[in-house]
Amino acid sequence: MERKSSFAANIFLILIFFILYAPIFYLIFYSFNSGGTMSGFEGFTLDWYKELLHDTRLLIIVLNTLVIALLSALISTVIGVLGAIGIQAYKRRQTKNTLLALNNILVVSPDVIIGASFLILFTMAGIQLGFYSVLLSHIAFSIPIVVLLVLPKLMEMSPTLIDAARDLGASQWNVLTKVILPYIAPGIFAGFFMALTYSLDDFAVTFFVTGNGFSTLSVEIYSLARRGISLNINALSTILFVVTIVLVVVYYYLTQRSGSGAKGVDFRR
Amino acid sequence: MENKVSKNLYMIPYALWIILFVIAPILLVLYYSFFDIEGNFSLVNYKNFFTPVYLQMTLSSFWYAFLITAISLLVAYPTAYLLTRTKHKHLWLLLIIVPSWINLLLKAYAFIGIFGAYGVANNFLEWIGIGSRQLLFTDFSFVFVSVYIFIPFMILPIFNALDNLNPSLLYAAKDLGASGWTTFRRVVFPLTIDGVKSGIQVVFIPALSLFMLTRLIAGNRVITLGTAIEQHFLVTQDWGMGSTIAVFLILIMFLFMGLTGFRKRGA
Chain D
75 MERKSSFAAN IFLILIFFIL YAPIFYLIFY SFNSGGTMSG FEGFTLDWYK
125 ELLHDTRLLI IVLNTLVIAL LSALISTVIG VLGAIGIQAY KRRQTKNTLL
175 ALNNILVVSP DVIIGASFLI LFTMAGIQLG FYSVLLSHIA FSIPIVVLLV
225 LPKLMEMSPT LIDAARDLGA SQWNVLTKVI LPYIAPGIFA GFFMALTYSL
275 DDFAVTFFVT GNGFSTLSVE IYSLARRGIS LNINALSTIL FVVTIVLVVV
325 YYYLTQRSGS GAKGVDFRR
Chain Z
130 MENKVSKNLY MIPYALWIIL FVIAPILLVL YYSFFDIEGN FSLVNYKNFF
180 TPVYLQMTLS SFWYAFLITA ISLLVAYPTA YLLTRTKHKH LWLLLIIVPS
230 WINLLLKAYA FIGIFGAYGV ANNFLEWIGI GSRQLLFTDF SFVFVSVYIF
280 IPFMILPIFN ALDNLNPSLL YAAKDLGASG WTTFRRVVFP LTIDGVKSGI
330 QVVFIPALSL FMLTRLIAGN RVITLGTAIE QHFLVTQDWG MGSTIAVFLI
380 LIMFLFMGLT GFRKRGA
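Chains D and Z, in that order, are what the protein sequence lines are. All you need for my numbering is the position in the first sequence, starting with 1, plus 74. All you need for my numbering is the position in the second sequence, starting with 1, plus 129.
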C-alpha cells in the first residue's frame, strides 16, 4: 500500500521518539555542566561524577540495592518456578484459574496498595522495617511475574517427554532436573531477569516498608529530588542509563539466542 | 501416586506466599479500615470517606486518571499503527520500550529541570513569543509527565494487537469499497480492541495511585487516591483512614478488571 501521508507519519514518529528520549538526554547533558543547575550550560566538567565516587553513603546504598535485587530475584525465581510447575500439574481447569487469579493480584495491584498492606503485615508480624522487610516485599512482588513467564513454557512442553523419561526409568528428581528444568530454562531466565529489573526499579513498595536506617537507590533519588536539583542525580542517572542499556542489550541478545524472541520483552511498573 | 506428593511439595513455598503475601495483606487492610485513629473499632472512616472532601478527591483522582488514559491512548494508537508499518518494526518497538526501563523517578526529576522557571520549556515559550510562565507544580505538568511515563505501556499491547491483524482483512475491506476511515472503524479498531483494553488497564489503575509524581511534579496541587493513602500511612499515621481509601481502591481495581476483562500485562 502506498501512503500519501508517509511524510506526516514520519514526522509524527520522529516527534514521539524525540519526546521519549529528550528528557533522558537532557539529564545526561547537564550532568557535565559545571554551572550546578539544569539550565544554562556553563562549561564541561566531570566533578559530579568524582563527587559521586567519593560519596561512601551512596555507594553503600548502591550495594544495598544490588544485594536486594540479586537475592530477591534468586529466591523469587526458585519459588516461582516450583509454583508454576505445581499449578501446571493441577488437572482441573478451575483450580488452575483460581490459582492464576490469586497469582495475578499482586501484578495488577497498584504499588501503593502493595506497600501499605505490606507495611501493616510487617508491623503486625513484628518484623523490623529495614533490610529484611524490603527483601521480603521484593521477593513477594516478583514471584507472580516469574510464574507468568515460566508457565507458558511449561504449557508448550509436551507431556510425552515426561512419560518417555519415566518409561526410561528416570526418578522424580531426574525428571525435574534433566527434563523439565532444561526445557523451561528460557522462561526461568526471563523470569529471573524480570524479577531483577522489577526489584531495581521499585520505588513505591520500598518507600513504604523501608525503615530509617535502610535505603535503596530509588528511595534515595526520591529524597534527593524532593530537595530540588543537584547535578549528582544527573551523573547518577547517566551511569544508570548506561547500565540499563547494557542490560537491555544483553537480555535481548540472550533471549534472541535462546529462541524465545521478543516475547520475553515486558515492562517494569 | 508419587506425582501427587511431589506436586504438593512444590506447592508449599508458593502456597505459603499466596497466603502470607496475597490473601493476608488484603484482609489486614480490610481489618484496619474498621479502626479509627485511636485504635477503637468504628465505622468512622467509612463515614468520612463519604464526606464531600474525600468524594471530591476521589472524583478528581478519577478525572486525572481518565485524562491521562485518554491522552495516552490518543497518542499511542497512531504511534503503534505507524510503527507496524515501518521496516524493522520490532527494533523500533524496542526503542519505544527502552525509556520505560529507566527509573521513573529519574524521568520525573528530568522534568523538574525541563519545566523549571529557567528550564528548556520556558526558554522555548519565550522564543516563540508566548513568554515564560509557571509550568512546574501545575495540573498541566502532572498530566504531561504521567502521559510521558505511561505511553510505552499503552503502545506495546496495541502494537501487538495490530501486528497480529491479518492484512488480507484490510484488502478485503478495500475491495468491498470501504474508505480508509470505514476500514478503521469497522475492521481495524474492533479487531484490536483487546490491545486497547489491556493498554487502558495498565495505565488507568496506576494513574489513580501514583503518589511520587503528584509530590514531585504537581507539588501537592493534585491529590490522587494514591497520594492520600501515602499521606495517611506515612505522614499522619492514620492507618485506618488510609486502609479505608485502599479498600475503595482495591474495589475499583476489581471492578475495572471485571469490566475490561483480565489480561496479562503487555500480552
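To be clear, the hints were calculated from the coordinates, so they are not data collected in a lab. There may be inaccurate statements among the hints.
[As the list claims (entries may be wrong)] Listed next, the in silico SDA-like pairs over lysine to any residue satisfying Cα-Cα at most 20 Å (straight line):
1) Z:K236 <-> D:L298
2) Z:K218 <-> D:Y95
3) Z:K216 <-> D:F81
4) Z:K236 <-> D:F81
[Unchecked claim] Here are the simulated distance ranges between beta carbons:
5) D:V316 <-> Z:L384: 51 to 59 Å
6) D:G109 <-> Z:K216: 15 to 23 Å
7) D:I93 <-> Z:H219: 15 to 23 Å
8) Z:I259 <-> D:V181: 13 to 21 Å
Please read all numbers here as calculations on a predicted model, not as lab measurements. C-beta: ideal position from N, C-alpha, C; glycine also.
_In rising order, the numbers of the hints this structure does not comply with_ = 4, 5, 6 and 8
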